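Participant: One-letter residues, chain by chain:
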Amino acid sequence: MFDQLAGNLLFGIVLGAVYGLATMGLSLIFGVLKIVNVGHGQFIMIGAYTAFWMFTLYKISPLGSLFIAFIIGLAVGLIIFYTIIKRLTGAPELTTLLATFATGIFIEELAKFFWGPDYRGYNWDLGRVDLGFTLLSYSKIYALLLSIAIAFLIYLWFQKTKLGMAIRAVVEDRQGAMVCGIDVQKVYALSFALGIALTVTSGVLVTLFVPVGINPYMGHEYTLKAFVIAVLGGLFSPWGAFYAGFIFGLLENGSYTVLSSIPGVEPFSLTRTVTFLVLLLILLIKPDGLLGGKNK
Amino acid sequence: MKRARVLCVVIAMFFLTGLNYGCARQSGVGQQAADKIVIGAPLSLSGKYAKEGQMALWGAEAIRRWINEVNGGIELSGKKLPVEFKYYDDESKKESVQSLVERLITVDKVDFLISPYSSDLALASAPIADSHRKVMITHGAATDRVYQQGYKYITQVYTPGSRYQTGFLDMIKNKDPEAKKAAFIYEDDEFSRSVINGARAYANKQGFEVVFDKTYPSKPTDLSPLIQELKTTKPDLIIGGGHFADGQLLTEQLSSLEVNVKAVSINVAPAIPDYYKALGVKAEGIMCPGQWEMGVKYSPEAAGKAGLEWFGPSQEDFAGLFNAAANQKPSYHAAGAGACLLIYARAVEKAQSLDPDKIREELGKLKMMNFFGTWDIDETGKQTGHNMVVTQWQAGENIVVWPPEAAGAKLFYPLPSWAEKARGTLAKE
Numbered sequence: 001m002f003d004q005l006a007g008n009l010l011f012g013i014v015l016g017a018v019y020g021l022a023t024m025g026l027s028l029i030f031g032v033l034k035i036v037n038v039g040h041g042q043f044i045m046i047g048a049y050t051a052f053w054m055f056t057l058y059k060i061s062p063l064g065s066l067f068i069a070f071i072i073g074l075a076v077g078l079i080i081f082y083t084i085i086k087r088l089t090g091a092p093e094l095t096t097l098l099a100t101f102a103t104g105i106f107i108e109e110l111a112k113f114f115w116g117p118d119y120r121g122y123n124w125d126l127g128r129v130d131l132g133f134t135l136l137s138y139s140k141i142y143a144l145l146l147s148i149a150i151a152f153l154i155y156l157w158f159q160k161t162k163l164g165m166a167i168r169a170v171v172e173d174r175q176g177a178m179v180c181g182i183d184v185q186k187v188y189a190l191s192f193a194l195g196i197a198l199t200v201t202s203g204v205l206v207t208l209f210v211p212v213g214i215n216p217y218m219g220h221e222y223t224l225k226a227f228v229i230a231v232l233g234g235l236f237s238p239w240g241a242f243y244a245g246f247i248f249g250l251l252e253n254g255s256y257t258v259l260s261s262i263p264g265v266e267p268f269s270l271t272r273t274v275t276f277l278v279l280l281l282i283l284l285i286k287p288d289g290l291l292g293g294k295n296k
Numbered sequence: 297m298k299r300a301r302v303l304c305v306v307i308a309m310f311f312l313t314g315l316n317y318g319c320a321r322q323s324g325v326g327q328q329a330a331d332k333i334v335i336g337a338p339l340s341l342s343g344k345y346a347k348e349g350q351m352a353l354w355g356a357e358a359i360r361r362w363i364n365e366v367n368g369g370i371e372l373s374g375k376k377l378p379v380e381f382k383y384y385d386d387e388s389k390k391e392s393v394q395s396l397v398e399r400l401i402t403v404d405k406v407d408f409l410i411s412p413y414s415s416d417l418a419l420a421s422a423p424i425a426d427s428h429r430k431v432m433i434t435h436g437a438a439t440d441r442v443y444q445q446g447y448k449y450i451t452q453v454y455t456p457g458s459r460y461q462t463g464f465l466d467m468i469k470n471k472d473p474e475a476k477k478a479a480f481i482y483e484d485d486e487f488s489r490s491v492i493n494g495a496r497a498y499a500n501k502q503g504f505e506v507v508f509d510k511t512y513p514s515k516p517t518d519l520s521p522l523i524q525e526l527k528t529t530k531p532d533l534i535i536g537g538g539h540f541a542d543g544q545l546l547t548e549q550l551s552s553l554e555v556n557v558k559a560v561s562i563n564v565a566p567a568i569p570d571y572y573k574a575l576g577v578k579a580e581g582i583m584c585p586g587q588w589e590m591g592v593k594y595s596p597e598a599a600g601k602a603g604l605e606w607f608g609p610s611q612e613d614f615a616g617l618f619n620a621a622a623n624q625k626p627s628y629h630a631a632g633a634g635a636c637l638l639i640y641a642r643a644v645e646k647a648q649s650l651d652p653d654k655i656r657e658e659l660g661k662l663k664m665m666n667f668f669g670t671w672d673i674d675e676t677g678k679q680t681g682h683n684m685v686v687t688q689w690q691a692g693e694n695i696v697v698w699p700p701e702a703a704g705a706k707l708f709y710p711l712p713s714w715a716e717k718a719r720g721t722l723a724k725e
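If you read the sequences in order, they're chains A and B.
Under my numbering, read the first sequence as residues 1 to 296, first letter to last.
Under my numbering, read the second sequence as residues 297 to 725, first letter to last.
One or more of the hints may lead you astray.
What the hints assert, rightly or not - 27 Å max Cα-Cα, derived BS3-like pairs, lysine-lysine:
| no. | chain 1 | residue 1 | chain 2 | residue 2 |
| --- | --- | --- | --- | --- |
| 1 | B | K448 | B | K646 |
| 2 | A | K59 | B | K717 |
| 3 | B | K654 | B | K376 |
| 4 | B | K625 | A | K112 |
| 5 | B | K382 | A | K112 |
| 6 | B | K389 | A | K112 |
No lab work stands behind these hints: they were computed from the structure.
None of these values were measured; they are calculated from a predicted model.
Isolated chain B, as found in the complex (with noise of 0.2 Å):
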């Protein structure tokens, strides 16, 4: 009986001391001076989206460590702030985004958020976000729709899916205006969705006949009912795809069953170096669209010539910092999420406050250029600045094909035969 209420003495005490703890915290916010400045995200570092989460760790990191190591922090009422990057692994659920999210808010008490990735998981964390009031940059996160809703807090570095596959159609078009007809075969999922929503739309307007317009299920294992009903349809393009598995099984499936096309543009999957490893020749032409690859022209002269701010460290720079911690070249996806940090860093610099609705009004008053891309947003947060560029695996290299500006190469086309692939020709000159 005393053992029982010594017991109950101490967890009251413990009880107590964290409600006074979390009071101190809460009564803190605005009072204490800020000696850091710390942005908190939710990253897939398992289940599905455990790639792209990754790579946006990596270059989050890559990007925390120019702010505060080479521009020496954020520059705040006189002094400079370190960047403190705190993030959770979501394990590619949404369950798990919504309680990271509040967790990150009201616990972690971040002042920035960036979202996790992808469309699907961006969406989980919106309303959260701007329900808090916390400014967040979504990253990944090409949907529309998460700009459709009304949220006042949420703003997008990605170019939205809407404009995905636009670019790729202009390329066409310019090439072989002959080339018309187009079949779109995607993954039934949010971001698929919005991009060929978007292409579909693009590609009435501009002359094309979609022929083909049919999805599969997330996570297919087959899709060759699909691709035996598609060639029956001949069309001269294909437009399609979804994330990493999926884009594969579609390619090696487009190959085994040897449907010929003059030009395919797959999303998201051609874009890492797995899809080359894994597909061998096979992958040879085949393009997509890439919100940033290595070689784009990106650079204080260009923004210089655009009439907008440059800051931030460059392409090469970039890269080095990324190889320093992952070791490899960083993909689009570390790219966009570093690009948050950068812009983040510019709007408190601009703004000289922490304030999320200061901060949201900066956000949309900026307009800037840095390695990924330009910044210029519109009132609902959606990305109206940056652009996608079009690449091809030619002879084992993704190299930038479109717009010609970006371009490292001249556009492949067509496409080889799957035959002449397994026969070794390659996409190059």
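Just chain A, with the same shape it has in the complex (with noise of 0.2 Å):
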């Protein structure tokens, strides 16, 4: 059973990373724009689009696809910010979440015109790592590996450049920022750019962790996580929201072997239960989530 539980920690472990790193695109356009992306498991099906075009098109590698899946998002962000967000900036938040959930539909059905419904993956296999308790494949290392790194990146950017700090300053004080001669409308452009770029990268990761049933319509079981990770990370922080991502990994793989070893359980299922009622818990003993309560 230890060894059952080892592995399903582990699993938990490089899954959460990938939730984690997907998560803070939200939390991030949240923290700054103050608006909920209804159709965030949309932008991380483009980047698996990405990743799985690339391969099979180019014989790129996923870890090359992230780089074009940064800029795609960059890009995609910046065209939807511009033509959709900018006009909403002072909108009711009702506008704004029917914008971004129909903005998703739009984006699915594009999809589905374009690659058709058809389910999609590619072989990228590296081989595994035999740990004694499980086997652990490498793109699944790399998946945790570059999640992390990712993470730290952004984390550097936002401390030490420019930029970085020019976003900070208006999350923190946004009349201040502009006395201070920071472009708002920019940073809200370049924030919500790097959120969906963050997102779509993500999509790439996934893919590492599982390479196929690549579909239009795969976004969904994603925005549902993302939701719960956000608000377990404090909806402000995109840091918690990462940290967040490892605590629901760890929570939905662990959960199953402690449910597995109670008889007439279907212990799969419940999995998802225990996750939202430990949410549930925790933000009944820390509401604004565990990194929440001040903009960070």
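Take the two lone chains, each set in its own frame, and fit them into one complex as the hints suggest.
Facilitator: What follows is the structure, given as structure tokens:
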């Protein structure tokens, strides 16, 4: 049983890192623009297709696709910001919610129109490592390490670069930032684009974890999880989202072993219930989420 | 004020016209001479069943063309009437299915229905069709549960879920009586549960030992906890899956966790070319129960031997018509949907009526074979004549390996190990 628990926890950590990176984008957009991106999962889908097409058409490995996905995410984010989001600053929350929801559906149906509803996949098999209690494929190790590396790079960027500091200034005190000469609209555009770019990039990492089943409608499952993780980590904090991702992954997979030792129980369906119950408990104790409370 | 009054009058006129029109159509039923036969369906052209829904649509269109162009239409009261197929996109959603079935019946006034694709959507549509006394043939809906509800007008063209994996178990028992340990890992939905309930009962009856029997929720993103546990039970064979994405996921993770067994039979997913394209050599040797596959031996000769009448195009003709619309080979989803139209055509010609009770009675009496297989339903509407085939991916081709009368190749057994497959070993002699 301990072998299984260790195996499940390990996979939970890897998956959690990917979930966490995906949710950072969501938290960033909410933290800076106060916009809930309900179409979140569809951008993960774009990242997954990017990895698929780059590998299938040009034999570019997912590692290379990470950069391409990031650029695509920035471009798509900027386009969406200037065509839709910018016009909605100051609009009621329901309007922006609907706008991001509709954008998500639009992207989904565009994907289906161009790429069809087929279920795609690719095979970038580098072998696996035998850890004794389980087998861990190298692609999953890459997924874990790259998620952490990207999250760390983003952290450094926010701390050390002018643009990063400008974003933090706007979040801290919008009026003050304007007085200091910061172009708030550009900061919003950049933050939105960066949030989308992180989400699309995480889509490539999702395929490192599972390289099959890629289809236009795959995003919805990830949206729900992302919302849970974002709330858990504190809605304003991308770093909180990243840590919360690990906790979520550990809970989801780890709880399986505990639940499967209870006779008569279908453990996998219950893992979701357990995860949400724990989330509720954490929020009851700390309503602002793990790292929430103050804007970071 | 005057403008408002004029507006009110105009609106009232539209309303009255619409009411009149509606009434006229209502009273027209049964009195106006039928100049065409309309078969309707909600089909999933977006959402999680988009792939199957599109296949079903193309299949129905191919058969509609055969009926109208090759057969000249359906003979009713001395005239040959064309078939019209009316459909709407149900977006793979139960709520849409319900309102669309209502619309097809009350607004479009279709003569007959075929169900939406999938057990859960068909279950959602059945009570509405039945309460309106509209005959419906379900396709893509294998769950036995629909026929346990006491509906009068709902019938089935597919083999029911309870008989999905029984052929696979027969085949394994026949090939290797020592392979006794079976693991079930499957989606927690209507269809998959009905398949495994049937498989479990049959496995127990045939002397297999069920060593693992667990579900996963729909649309999983990671099955590794289940698979880690399954691996410890050291099964000889694995049966399971659900639909497409999870079937691919299951196979991929069995490979990545190197769960080596002698045979694997997964529902639905391995039946389409996407499966092999996505998984490559990992798909080798994986089996799938199929409602139908190109290469099955249904033909007028086979019908004659079985003492059944034959109606409809040959397999090749169907594939040709399908390819003209879809530019690819038909899957069993396409064939099943097309077969529904053929069944209706034959039933109308025999009953010489469009009356739902007469047609339902005729569907019950009808025993026939078409390119999809045998039609013979019991009094609950459940299909008893149609049989599954088992297909296996061998050297990049999905070939029927069971039953022997339908097989195009011998079963490749046992499966190559995942490591062997990674080195390029194929499931072919």
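Participant: Just pull the numbers of the violated hints for me, sorted ascending.
Facilitator: none
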